[in-house]
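In UniProt numbering, the protein residues as written are 1 to 159.
The set of hints was computed from the structure by calculation and includes no laboratory data.
Careful, some of the hints might be misleading.
Claimed, not checked - Cβ pair distances, simulated, as ranges:
id : residue 1 : residue 2 : range
1  : N15       : G64       : 40 to 50 Å
2  : T14       : R143      : 20 to 30 Å
3  : H84       : D55       : 32 to 42 Å
Glycine included, every Cβ here is placed at the ideal spot set by N, Cα and C.
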Amino acid sequence: MKSRKELTLTSHNTNRQLRLLTELSEKFTHLVADTDTLRQECFKLRYKVYCEENDWLQKENSYGLLKIEKDIYDNHSVHGLLIHKQTGLFAGTVRIILNKTTTSSNMLPIYLLCQKNKLTLPDLVPIENIGEVSRFCIPKSYRNIILRYENQTTKNYSH
Numbered sequence: 001m002k003s004r005k006e007l008t009l010t011s012h013n014t015n016r017q018l019r020l021l022t023e024l025s026e027k028f029t030h031l032v033a034d035t036d037t038l039r040q041e042c043f044k045l046r047y048k049v050y051c052e053e054n055d056w057l058q059k060e061n062s063y064g065l066l067k068i069e070k071d072i073y074d075n076h077s078v079h080g081l082l083i084h085k086q087t088g089l090f091a092g093t094v095r096i097i098l099n100k101t102t103t104s105s106n107m108l109p110i111y112l113l114c115q116k117n118k119l120t121l122p123d124l125v126p127i128e129n130i131g132e133v134s135r136f137c138i139p140k141s142y143r144n145i146i147l148r149y150e151n152q153t154t155k156n157y158s159h
């Protein structure tokens, strides 16, 4: 059982996180990238973060000349964009890979990784009802804005 001090700290942290989330939601909005044009924006952001800013996927990326980062899972994924309200610029992206069949080209990456390493995942939920969140990224310029904002908010609410 948690002590009163631990409960107070947990409650304080939760309240601070909720305030931060509320204040950030005033600055950012989101949308589903449900058109080819919007999905291209997702792929451009991913290229910027994963290939230019961090050099994580450049060697694997066959679309590098187009300055987009894309893979075999994008065709059966739902993509989302984070938008900075003040500028209207895209500030982040994420995708949810949907598992529509059990063929390896449509299987979730976590399942393929487990198979490769001879691991099994528990059958808690039917595989066709599971999605895998991946390719979440925010460009460095917006990460810095969010971190500065979080640091300032922490100072304001730390009393």
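(message) Checking each numbered hint in turn, tell me which of them this model violates, lowest number first.
(response) 3
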